[in-house]
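Number of protein chains: 2
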Amino acid sequence: MSALVSHLVQCVPNFSEGRDPEVIAAIVDAVRQTPGVRLADWSADRDHNRLVVTFVGPPDAACAAALASAAAATQRIDLRTHSGVHPRLGALDVLPFVPLSGITLAECAALAQSVGTALADRFALPVFFYEAASPDNHSLPFVRKSAFQSLLPDCGPDAPHPTAGATVVGAREPLIAYNVNLAASDLSFARTIAREMRVLPHLPGVRALGLRLPSRGLTQVSMNLTRPAATPLFAVFHYIQRRAQELGTSVIESEIIGALPGPAAFGILADALQATTLKPGQVLLENWLG
Amino acid sequence: MSALVSHLVQCVPNFSEGRDPEVIAAIVDAVRQTPGVRLADWSADRDHNRLVVTFVGPPDAACAAALASAAAATQRIDLRTHSGVHPRLGALDVLPFVPLSGITLAECAALAQSVGTALADRFALPVFFYEAASPDNHSLPFVRKSAFQSLLPDCGPDAPHPTAGATVVGAREPLIAYNVNLAASDLSFARTIAREMRVLPHLPGVRALGLRLPSRGLTQVSMNLTRPAATPLFAVFHYIQRRAQELGTSVIESEIIGALPGPAAFGILADALQATTLKPGQVLLENWLG
Numbered sequence: 001m002s003a004l005v006s007h008l009v010q011c012v013p014n015f016s017e018g019r020d021p022e023v024i025a026a027i028v029d030a031v032r033q034t035p036g037v038r039l040a041d042w043s044a045d046r047d048h049n050r051l052v053v054t055f056v057g058p059p060d061a062a063c064a065a066a067l068a069s070a071a072a073a074t075q076r077i078d079l080r081t082h083s084g085v086h087p088r089l090g091a092l093d094v095l096p097f098v099p100l101s102g103i104t105l106a107e108c109a110a111l112a113q114s115v116g117t118a119l120a121d122r123f124a125l126p127v128f129f130y131e132a133a134s135p136d137n138h139s140l141p142f143v144r145k146s147a148f149q150s151l152l153p154d155c156g157p158d159a160p161h162p163t164a165g166a167t168v169v170g171a172r173e174p175l176i177a178y179n180v181n182l183a184a185s186d187l188s189f190a191r192t193i194a195r196e197m198r199v200l201p202h203l204p205g206v207r208a209l210g211l212r213l214p215s216r217g218l219t220q221v222s223m224n225l226t227r228p229a230a231t232p233l234f235a236v237f238h239y240i241q242r243r244a245q246e247l248g249t250s251v252i253e254s255e256i257i258g259a260l261p262g263p264a265a266f267g268i269l270a271d272a273l274q275a276t277t278l279k280p281g282q283v284l285l286e287n288w289l290g
Numbered sequence: 001m002s003a004l005v006s007h008l009v010q011c012v013p014n015f016s017e018g019r020d021p022e023v024i025a026a027i028v029d030a031v032r033q034t035p036g037v038r039l040a041d042w043s044a045d046r047d048h049n050r051l052v053v054t055f056v057g058p059p060d061a062a063c064a065a066a067l068a069s070a071a072a073a074t075q076r077i078d079l080r081t082h083s084g085v086h087p088r089l090g091a092l093d094v095l096p097f098v099p100l101s102g103i104t105l106a107e108c109a110a111l112a113q114s115v116g117t118a119l120a121d122r123f124a125l126p127v128f129f130y131e132a133a134s135p136d137n138h139s140l141p142f143v144r145k146s147a148f149q150s151l152l153p154d155c156g157p158d159a160p161h162p163t164a165g166a167t168v169v170g171a172r173e174p175l176i177a178y179n180v181n182l183a184a185s186d187l188s189f190a191r192t193i194a195r196e197m198r199v200l201p202h203l204p205g206v207r208a209l210g211l212r213l214p215s216r217g218l219t220q221v222s223m224n225l226t227r228p229a230a231t232p233l234f235a236v237f238h239y240i241q242r243r244a245q246e247l248g249t250s251v252i253e254s255e256i257i258g259a260l261p262g263p264a265a266f267g268i269l270a271d272a273l274q275a276t277t278l279k280p281g282q283v284l285l286e287n288w289l290g
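Residue numbers (our numbering), protein chains in the order written: chain V, 1 to 290; chain L, 1 to 290.
If you're looking for bench data, these hints aren't it; they were derived computationally from the structure.
Identical copies carry no separate label here, and so any pair may be met within one copy or between two of them.
Lysine to aspartate or glutamate pairs mimicking EDC-like chemistry, simulated, CA-CA at most 16 Å apart:
1) 279 x 253
2) 279 x 255
3) 279 x 41
Please take these sequences and the hints and turn them into a complete structure.
Following this line, the structure appears as structure tokens:
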């Protein structure tokens, strides 16, 4: 009925433009108009001056969408006029390939290397590889810190592109970016909970920070769940909800940034309802969008 | 990527056989092997001696699967040797068509009438129509009570088929069959909560009963949510969980019988996490099944 493609990659490019609606639209449209790709989410942040796009597709289509969005960004973003609080190397700043289904991390690394080579050839961009795509398994923070200093690009020219800078292309396991907002304006609650989240044995792989949301007078436990298969997201939410109450504040809302993997979403459903016998097939995905 | 078919009907046939694994397998396989149809769920109950199958597909495929399952049931079930606690009219006892997406209730009623006519012609079965498929909008309980007494079949012979009885075919709006199991063996808790559920203004359309589960020593709030679009299922669960605690017992688990419509599933996700900004597209349905 719905012919599911079995080899699927998820791609989460980050672009250094979060303000100009025409540039944002051009980049998002480049993805949306690539045949075979589904745009899952995009979000632009004014303060960070940054755009994060999430899309899904078979390997060939995903690579085509990544290159199309890179072309749109490289033509329109001039880093010489850029300002924003987020550290950045390039117009297309980071381009991770993530295995979604029927594909290995090593295959995603090969895709990343192939797209990185194409970016260097077509746009004269210096390209650094990171995580699984890096021969030395460089981390993204290491590449940011060392680029053009102790570290030369893996392909492309040895100096930044005058307007588009450089791009970091990689392959990594899926992660979930998840934030829980607290009513308290006092940062200590979010910091306390974030510190606890980092070391809970039953919720492994949680990277957590306490942050202020000054424009709303709230605070936030901002997380990356790096082991989504081992860390039930509803248990993360429930822990924070309970601890917030114990500490004398409360949860206002939570937010998932980008994509929520299907198995994690099903796990939330089943956990939230204590529905131990629920099977994924019982959910009518056919009318998920209404 | 996944070519979603826009006109989809859900079908939930009930068969009078919940014990013989070969008969159950033959009926379920008849659905599974019909091209274009997705088997969403099936469950057989020994005590009720009853099988409920849920499947989804475009109208033509759904009708073909309904007729194929009727053939399997009519060949194998002999009501003269049947026993079970559930009231029943036939081997294929009830056959509801439910609009899922891109189809109206009136169109489902026309499908039901067409399949009912085919059942009468092919298997010499008396067929009664109910709800939207009934010219007089007869309810299912009314048909059960009146069949072959004050009420003659809408098509087919005027007397029950010797082994397969009669079939009630209809079209109705979607509903969710939802049970919440309580730790208490005392039925009064489940009855109290069920009584409250029937009249909560913010949770309309809940039909609820308190039942015993004697084999497990538990009690159950057994519900049909007849207005799933107006009644958030997570709020139903949460209300029962809170009331159970207040009354001095607790929720052991909950169970969805049959299918959970996509919008209801997404609503549970968003409500359980207080994720006010979550959009359906963020969930990667592509790897829902892992």
